[in-house]
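**Student:** Numbering-wise (our numbering), the sequence shown opens with residue 1 and increments by one.
Worth flagging that the hints you see were computed from the coordinates, not collected in a lab.
Beta carbons are placed, not taken as given, at the ideal position from N, Cα and C, and that holds for glycine.
Certain hints may be false.
Said to hold, decoys possible - Here are the simulated distance ranges between beta carbons:
(1) 5 / 150: 16 to 22 angstroms
(2) 16 / 105: 14 to 20 angstroms
(3) 63 / 128: 45 to 51 angstroms
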Amino acid sequence: MDLMAPTDSMFLLGESREHPMHVGGLQLFELPPGAGHGFVRELYDQLIAQQDFQPTFRKRPAKFVGGIANLAWAYDDDVDIEYHVRRSALPSPGRVRELLELTSRWHSSLLDRHRPLWETHIIEGLKDGRFAIYTKVHHALIDGVSAQKLMQRAMSTDPED
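Please construct the entire structure, taking both the sequences and the accompanying hints into account.
**Tutor:** Here it is in structure tokens:
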């Protein structure tokens with residue numbers, strides 16, 4: 001267990017249903033040239049097959065007994081990837097409006113504090129064959145600049161990133 005930084009503790013302690021402390025990102029994608037009908041399913045299958053997580057995505061809040069600071073990070077050695085990465089489809093006609101309604105519902109619920117504080121949704125069924133990825137992460141887990149750098153590395157085709 002690692003003691004939690006005071007600012008991270010503040011994000012957790014200050015959270016309520018009326019004032020959630022998670023951040024979300026929504027990305028729209030076109031299918032790659034030549035991609036088949038099952039591309040999104042294959043992408044999902046590849047993601048849930050991953051077992052090598054960056055330590056940040058294995059952290060969950062825990063109580064620390066003793067001392068002034070009483071919040072710590074525990075590391076989950078058995079992350080339930082199928083809980084954290086989900087696949088959904090929009091109802092027809094698959095407009096951006098339906099996508100925003102769906103992600104708004106997801107964003108309005110708090111993250112489960114008994115699990116690592118993140119979730120990703122792969123969404124198919126958008127018009128023109130597009131798909132989307134919505135990611136929600138608690139601000140105590142990662143700040144905006146770090147999240148942006150992480151997404152840039154994840155989307156890069158450069159193996160050095």
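**Student:** Which numbered hints turn out to be false for this structure?
**Tutor:** none
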